[in-house]
Each structure stands twice: as C-alpha cells, then as structure tokens.
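So the protein sequences, as listed, match chains U and W.
The first sequence lines up with residues 1 to 483 when you count with my numbering.
The second sequence lines up with residues 1001 to 1193 when you count with my numbering.
Mixed in with the good hints there might be a few duds.
[To be verified] Okay, derived cross-link-like pairs now, BS3-like style, lysine-lysine, Cα gap no bigger than 30 Å in a straight line: (1) U:180 - U:148; (2) U:148 - U:84; (3) U:180 - U:467; (4) W:1151 - U:148; (5) W:1151 - U:467.
[Said to hold, decoys possible] Computed far set for chain U versus chain W, every beta-carbon distance over 12 Å: (6) 54; (7) 70; (8) 456; (9) 482.
These aren't lab readings, by the way, just hints derived from the structure by calculation.
Each residue gets a CB set at the ideal place from its N, CA and C atoms; glycine is no exception.
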Amino acid sequence: MCALAIGAVPVAAQETEPSFLARAIESASLFEQPAPDPYANARSCAGCPPRSVGRAFLQTTVVNVFYGLANLVRGQVTARVTPKTWWANMENGWVWDLDDFVVNQIGHPYQGSNYYNAGRANGLSFYESAAMAAFGSATWEFYGETNKASLNDFINTTLGGIAIGEVLHRVSWLMRDPTKSGSGRLWREIGATVLDPVTGYNTFRRGDASRISEKPAEMIPSALGGFASAGVLWRGTEHEAFEGAGQSFAEVDLLYGDVLQGRSRTPYDAFAMTLRFGGGAPVSEARLIGRLLGEPLGKAGKFQLSVAQAYDFQTNDAYSFGAQSFDLGVSFTQPLSSRIGLTLSGSGGLTVLGAIDSLPLGVEEVPVEEGEPTGGQGVSEGPRFYDYGPGSKFTLRALLLHDRVPFAVAFYEGRQLYSLDGLRANHFLQHARLDLRVPIYKPIGFGVAAEYFSRHTYYQDEARTEKLFRYPQFRTYLTWDIS
Amino acid sequence: MTRWSLAGVWCALIVLAPAVCAAQADESRLWIVAGGASATVRGDCQTCEEDFPYRHGPGILANAGYRVNPRMDIGAEIFWVPLETASGTLNTTHLDAVAQFRPWRTQGFFFKAGAGMAFIRNWVDALGPGSINSKALSVVVGTGWVFRAEKRVGFELFASQHAGALGDLQTSGGDVPDVLGNYWSIGAALVFR
C-alpha cells in the first residue's frame, strides 16, 4: 500500500519537494553562508560604509581626544585643558599662532584629514565630511589646547584636511579590493589603513575588512595614471647654473580620473597629486588639486571648464610656501594624430590663506634658538619667520601626450601673497618647469626637467625696499609608469 | 544703526516673506536667511600692551545661496555690525562664502563655517582718533537651530563668531601690527526656501 501510495504522488510534486537529505544538506550549507550584515539597511550600496552622522561626530571628537592625550603624554603644557581654558579661549577669540612652518602647513592639514575621514568612513558625502573637518578643527582650537584659538590653524586644518582627506580616502580605496579574500585582502586592508587610519579602523571594526562585496562605484576612477620616479637634482644660484653636489629625491605623480574631460558634479572624482621626498628636505613638494565641478564647453567638448580646490606645500632655496586655494580653469584638448594629443590649460584662483617664509630687513639668516622655551614644551613663543595672508595665483600648462600619457610638460605658475600677519610685505613667486620623459623599456622611462624659481618681496617700509631671489634647478630621473 | 531701523528691517522681512515664498518654484533650491543679532566686538592687537575693550551693538545677517542637498546649503553671507564708539561709528561688514550643514534631517541643529572679506571703517579708537578704512580677511563659524527646516518659511536661532584679520592697521597715531577683530553674535532670522 505504501509503495502504491508513494507511487501515486504526482511527478510534479516529487520534483518540487526536496528530500530530507537534500533539506539537511541545504540547512548545513547555511552555516557556510556569510553572517548577515547588521549594517545592510544603512548602506547606500553593498560595499559602501553605513551612514551614521552621530558616529561621525563621536569619532571626530575621539580624534581630538586622541591628539590631546598624545600631547599630554609628550609633556606638552598646552594639553592641560580644563573648562577654565575652554572659557578663556572662547572669551579671547581667534589669534594668529607662532607654531613651526611644517607643523602648521603639513601637521594641521593631516590632522584635519582625520576629522574629514571620520565623516567619509561613516557614509557621509564630500560636503558633509567637509563640515565634519570644520567641526573637528574648531573644537580642537577652542577646547583641545590651552593655546588661544588659532585662525590660521582653523583654515589650514579645515581646507587642507578636506583636500588631503579626500585624496587619502580615494587612494586607500584604490588599494582595497573587497571582492577578494584571504591574506592578500588582509594586507591590502592594512595598507589602506596606514593611508587612511580612520576609515581603516571603521572597516575592521564593522567586519568590512573581510566581507565580500563590490567596491563602491564612487571609488572607482574613470582613468588612472601616474609615475613613480627617483633621481638627482642640482640647484643653482643667481650667478651659477650649478652649485655643489646633487641631492637625491623620489617623487610620486598621480592622475586620478580624467581631469580634462566630462561633466562632473562629484568632488574629487578627478585629481592630480605630486609628492616629492628629498631634494633638500624630507618633503620638498606636495601638491594636490581636486576637481569640484567640471563642465565641457564647445563642440565635441574640446574645452573643459573646471572649479578645483588645491593644497600646496613647497620648500626650496628660494622660498618655503604653503597654501589653501580655489581655482577656476579652462583646458583645451586637440588630438595631433591617432596616438599623440595636445592639451593646453590655464587657471586662476584665490588663495584663502597662504604662508611664506620671510626675514625682516637686515636679518640674513633665521637665528638659532637657544635654551628651552620659558612657556614649556609645546608653547611656541616666536618670533615666527614666516608670513600669513590671502592672495591670488595663475597657472599655465601645456602637455603632449602619447596614448594619454604625458611625455612633455611645460608649466608656469605665478603667485601673489599679501601679508596680513608677519612682515609688512607683498610676495610674488614664480615657478616654471619643463619635463621630458622617454620610455626605455616597458614601464621604465627616463626623464629630465629644468625648473626656475623666483621670489620677489616688496617690503612696505618707508624706502619701499624690494628683494629678489631666483635660481634654476635641473633634475634627471628614472620613472616607473604606474598607470 | 538705531533700534528703530533694525525694527524696520524686521517688519519688512515679515511683510515680504509671503511674496518671496510665492515667487519660489516647488522644487526650489534657493536658500535665503535674513535676521538680526546682538553682537559683542573686540579689536585686538597681538603685540600691544593695551587692554582692548569689549563693545556691544546690533547686527544684521543675511544669507543667500543654494541647497546642495537636504542637509547642506552653500552660499554667501553678509553680516553688518555698526558700533557707536567715542570717536564715531565703527562699521564692519563681513562678506563671506559659507557652507551650512544640518547633520540630522529631522532635527533643526546646524553649524556653518566660511571665509571671505571684511570691510572695516574707523577701527579701534583705543589706539587713537582718526577714521581709517581697512579690508580684512574674514572667517566665520557658527551654530544654531532652525525651526520648520523643511518648510518654505522657517525660523532660526543662531550663535556665530566672525573674525576680521586686518594685518597692519594704519592709524593717525602710526601703524599698529597684527590687528584682529573678533565678533561674537547671537540672533534670530527668518529662513526662506
């Protein structure tokens, strides 16, 4: 009877109802499925960080506490904050500070990048994270130190933090590959965490560092190119083309996205970065320029209008300079053959705040500091040998490209800085550069560059004194195409 | 500026509000703020020995800009502070590019930051008489709460701090280095979207 009964079950029913064994295997396989994602509802895409504004604020504050504790451990008297110092700072308002040039022009922007990425790591947009950088910077200035709140720090931390933060965030996402697993994935995540610690911390905390997903589309550039190069540079003087031995340097040039084409409303979907180590200073040049808006103009989009944000740091024999600025630029692209192209671009912009080294008239060298500062460690008492102020800039650039890779670059930049704090002076800086790169074998190439630096300082003294300093620089280097 | 003229500006804003709103399209991205404030001002010279006083006066604030998304507005801000001093009226006009962020869409809390220029006339009489005009780098940070944030017409209470960095100030008594003015303000404003 049973056999008859079983045999009487329709064929269709037999196909749709899995056997006990099949069900057991299926339920066992459930244990091998990845754990459900507790943040799934808060993500705008499978690989995106979950959005949490509260956590972004909290982590921005934690970053401040971390820096404050680090300063306290280092014995800095300025880290001994109390509600009384908070009130005193609020009552006093903004001042200009007397900190070292590198601290103000690199240290503070990097700190700002941590605030910014507390926003990005928690799913906030570019502009929302920019607000987070401003929040972190303002709260640090008023409540993080006993020093009076510094206006220059607030600007450098906020604007520099946005530029460095977004670039580090995107470069760290270039390293990540969430579609992979295993030790290769782990090392990529660790590398990305070194570049962008706040996003890295959140990625590990949430378990995203091992979760398989697609990379967020926003973090995939439309194009990627660049060079790593190493070589030697020789600096001249006003009277001689070369002086002394050469100085070694290493440089990274990165082109992320297509700066020259396309309509864009996504900030930093295209940016250019130059980072030079050595050449007379641990970091002798750092330039970031990120597109905020892009709009093609003219027939076939040969012209491109763009609005960009820039962060600059340069130190050389003519000047040490750092700035936060915004540019409006127009570029023109013309194919010369099937593989050769020409691009011309020009831009002008406003420097919100720039810093440039300066010496008072009659002083030829920065005096060596003697003894410990009386205010204790961490208190900068001055005098400060650089000026702060707003200004303007203009840039011209011509590129010859072979298969979209530049092999000849001509560049000119002029900058004017009006000193608001420091010496009564106007500064005019010029930098011209010609680069030629020749491929040797596969990604390896050889390059030569000639540069010219000039600095003109117009003192606002009674005699209207002017000082001019200029020198040439030559570089030879090997390049590695990292496109 | 007298209290009567401030009151007049307020009345005009209230009368004009419906007209401004009617002129807006349904999906308007316009962001307009107009209101008044009570301000405290202190001009300070970092390298001077003088004790610079805090002064109090009215202020008028206006924003006009663009709503990037429901949480973010960017635009321009004008903040005008007239102060009566012993040597005449000290006028300051801050003209800044600002970004305002409202972190939680359902809550009215916001903060803003910006930078631009300040135009200052007849500064720090404590340093000597003489009417001096000067331009300055301006920076602003602020916070507040906006009521009816998603509606066409809202209302906000705000607190902000403006800074005007003049650099070296020329006075009839000589040049004064590193002059920086701080402007603290609390106020209220109408918000049109």
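| Distance rule for residue 456 of chain U, whose beta carbon must clear each one in chain W by more than 12 Å | holds, 19 Å
| query | Are the Cα positions of residue 180 of chain U and residue 467 of chain U separated by 30 Å at most? | reply | violated, 59 Å
| Restraint check for residue 180 of chain U with residue 148 of chain U, where alpha carbons must lie at most 30 Å apart | Answer violated: residue 180 of chain U to residue 148 of chain U is near 49 Å, above 30 Å.
| Does residue 84 of chain U lie within 30 Å of residue 148 of chain U when you go C-alpha to C-alpha? | The hint holds at about 12 Å.
| No chain W beta carbon within 12 Å of residue 54 of chain U's | violated, 8 Å
| message | Verify this label for me: residue 482 of chain U is non-interface relative to chain W, using a Cβ-Cβ cutoff of 12 Å. | response | holds, 34 Å
| Taking 30 Å as the top limit, are the C-alpha atoms of residue 1151 of chain W and residue 148 of chain U close enough? | violated, 40 Å
| Beyond 12 Å from every Cβ of chain W: is that where the Cβ of residue 70 of chain U lies? | holds, 25 Å
| task | Take a quick look at whether residue 1151 of chain W and residue 467 of chain U sit within 30 Å of each other, Cα to Cα. | result | violated, 59 Å
In the structure shown, a violation is registered for the earlier hints numbered 1, 3, 4, 5 and 6, in ascending order.
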